[in-house]
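A.B. asks: Sequence:
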Amino acid sequence: MRKIAARVKKLLILNGSHSDIPLIQAGKKLGYHVITTGNIPELLGHRYADEYHPADFSDCDAILDLAKRLRIDAICACANDFGAITAAYVAEAMGLPGRDPYEVALTIHHKDRFKRFSSDNALTTPMARVYATPDSAFAEGDRFSFPLMVKPIDLTGGKGITKVASPEDLSVAIRKAFSASRVRRIVIEEFVEGSLHSFSSFIVDGRIVFYFCDNEFSYINPFLVSTSAAPAVGIDRVVHQLIDQLEGVVSRLSLVDGILHAQYILKGDTAWIIEITRRCSGDFYPNPVNLSCGLDWAEWIVKAETGADCAGFPRVEQRGYYGRHCIMSHANGVVEDIAIDERIRPNIHGSFMMWKPGHRVSDFMVDKLGIVFLRYDSMDEMMERTTNLNRLIRVRLREN
Numbered sequence: 000m001r002k003i004a005a006r007v008k009k010l011l012i013l014n015g016s017h018s019d020i021p022l023i024q025a026g027k028k029l030g031y032h033v034i035t036t037g038n039i040p041e042l043l044g045h046r047y048a049d050e051y052h053p054a055d056f057s058d059c060d061a062i063l064d065l066a067k068r069l070r071i072d073a074i075c076a077c078a079n080d081f082g083a084i085t086a087a088y089v090a091e092a093m094g095l096p097g098r099d100p101y102e103v104a105l106t107i108h109h110k111d112r113f114k115r116f117s118s119d120n121a122l123t124t125p126m127a128r129v130y131a132t133p134d135s136a137f138a139e140g141d142r143f144s145f146p147l148m149v150k151p152i153d154l155t156g157g158k159g160i161t162k163v164a165s166p167e168d169l170s171v172a173i174r175k176a177f178s179a180s181r182v183r184r185i186v187i188e189e190f191v192e193g194s195l196h197s198f199s200s201f202i203v204d205g206r207i208v209f210y211f212c213d214n215e216f217s218y219i220n221p222f223l224v225s226t227s228a229a230p231a232v233g234i235d236r237v238v239h240q241l242i243d244q245l246e247g248v249v250s251r252l253s254l255v256d257g258i259l260h261a262q263y264i265l266k267g268d269t270a271w272i273i274e275i276t277r278r279c280s281g282d283f284y285p286n287p288v289n290l291s292c293g294l295d296w297a298e299w300i301v302k303a304e305t306g307a308d309c310a311g312f313p314r315v316e317q318r319g320y321y322g323r324h325c326i327m328s329h330a331n332g333v334v335e336d337i338a339i340d341e342r343i344r345p346n347i348h349g350s351f352m353m354w355k356p357g358h359r360v361s362d363f364m365v366d367k368l369g370i371v372f373l374r375y376d377s378m379d380e381m382m383e384r385t386t387n388l389n390r391l392i393r394v395r396l397r398e399n
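Per numbering that gives the first Met the number 0, the very first residue in the sequence shown carries number 0; after that it's consecutive.
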C-alpha cells in the first residue's frame, strides 16, 4: 500500500531583508517550508526562502488574509517592530502558538503604551509625555527641560527622531515626528547622557535563562546603530538590575517563551531602559551571539516563535570579544570600492557584502553596503578598534 507523505509545515516570516536571512535559514533547518512576504521583492532574504508572496507586513489584515490563504502552521516576526505586532495579530486570530496577545505586543512596541506601562510599574526609563496632536505638544513647550528627545511612537531605526537642544528647535522636531508616525502620536522624552547598549535575553517559564549584551555605536546618523561590540562595558554593575526589571515585565505581561531584547543607556551604575522588543535584531545580530556563546541564536528564536518546547535551552554564557560592523558611506554617490586597512584584517572573522562595483548610494544616512564580523583578543583591543572602524573600513566613491 502506498504511503501518503506527511505535509511539511509552513512557516511565514514577515519580510526578506538581509537581516531576516538567519531566521529564514533557521526555519529551514527546523524542517519548515519557509515563506517570506513584504512589499519589496528584490530584498536579498527572499532568495533564501522556499516561497515569496508580496504583501505589506505592517498591514495586519493583509497578512492575516495571506496566512489563511497559505494555511500556515506558524508565523515569525522579522527584524522589525511592525513584524512583531503583525505576527501577534495573526497568531491571535488563527490560534497559532509562540506569540504574545496582540494588545501585549502593542504595549511593548508602541512607545506611548510602553512609557505608560513603565511609569505604572516603576521601570527605570527616561520620563516622557505622550501627544496625539502637534498643537497639544506645542502648547506645553515651556514645560520641558533641555536637551530632550522627540520620537514617533511606532517607528524604529532612528526614523523621525530628533535630539532637541533648545526651545527654538522644538516645533520643527515635533512636526518631523508627527509626519513620520503612521498612527500620528509622539513622545517627548528626557535626554539621558550615557553610553548605548543592548541586552538580548531568552525567556523560559517566566525567567531569563540567557543573555547577551553589547555596546552600540552609530556613524553619521546618530540614531541608527551601525556597529556593536560585545560584551557591554559595565555590565557587571547593572546585570542584576536589568534581569530584575525585565523579569518584572515578563511577569506582569505574562510573556510567552522566547526572545526579549532591550536597549539601554548606561549612566553611572544605572541602566536606563529605552525600549524593549520581542523580535530578532537586524544586521546579522545572531552572528556574534553564536560565536560568543556556541549556540544558534536564530534557531532558538524561531523555535520559540513556532511554539516549540524551549525547556532545553542550553546553559551557556557569553565569552570572548566579538562584534559586527555595517559598512556605510560618508556621502551619496557611486561606489568605487571598499578599502580595508591591514590593521583590522586579522580581526575580521567573516562578512556579508551587499554591494557590487557601480553600486549607487542614494541615502548614505541609512544605506548599508555590507556587514563584517569581528573577533578581538581583549576588551581594550575591541574598544580601540571599534571606535576607529569607520576609518579602518572606508567606502571610496567615484569622483565626478
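Keep in mind the hints are simulated off the structure, nothing from the lab. Note that the structure is predicted; figures quoted are calculated from it, not measured. Please note that the accuracy of each hint is not assured.
Said to hold, decoys possible - Label pairs and their in silico Cβ distance ranges:
1) Ser253 with His329: 18 to 26 Å
2) Ala5 with Gly311: 40 to 48 Å
3) Glu398 with Arg68: 48 to 56 Å
4) Met353 with Lys28: 17 to 25 Å
5) Lys28 with Met352: 35 to 43 Å
6) Ala310 with Lys28: 13 to 21 Å
7) Arg390 with Lys355: 37 to 45 Å
Think of the CB as a built atom: it goes at the ideal place given N, C-alpha and C, for glycine as much as any other residue.
A.B. asks: Using the C-beta atoms of Ala310 and Lys28, is the stated range 13 to 21 Å upheld?
C.D. replies: holds, 20 Å
A.B. asks: Cβ-Cβ distance between Arg390 and Lys355: within 37 to 45 Å?
C.D. replies: Violated, at about 24 Å.
A.B. asks: With 48 to 56 Å as the target window, see if Glu398 and Arg68 comply at their CB atoms.
C.D. replies: holds, 51 Å
A.B. asks: Has the hinted range 35 to 43 Å been met by the Cβ atoms of Lys28 and Met352?
C.D. replies: Check failed, 23 Å falls outside 35 to 43 Å.
A.B. asks: Can you tell me whether the CB distance of Ser253 to His329 sits inside 18 to 26 Å?
C.D. replies: About 47 Å separates the Cβ atoms of Ser253 and His329, which means 18 to 26 Å is violated.
A.B. asks: Taking 40 to 48 Å as the hint, is the beta-carbon distance of Ala5 and Gly311 inside that range?
C.D. replies: With Cβ atoms ~24 Å apart, the hint is violated.
A.B. asks: I want to verify a distance hint. Is the separation of the beta carbons of Met353 and Lys28 within 17 to 25 Å?
C.D. replies: holds, 23 Å
In this structure, the hints that do not hold are numbers 1, 2, 5 and 7, in rising order.
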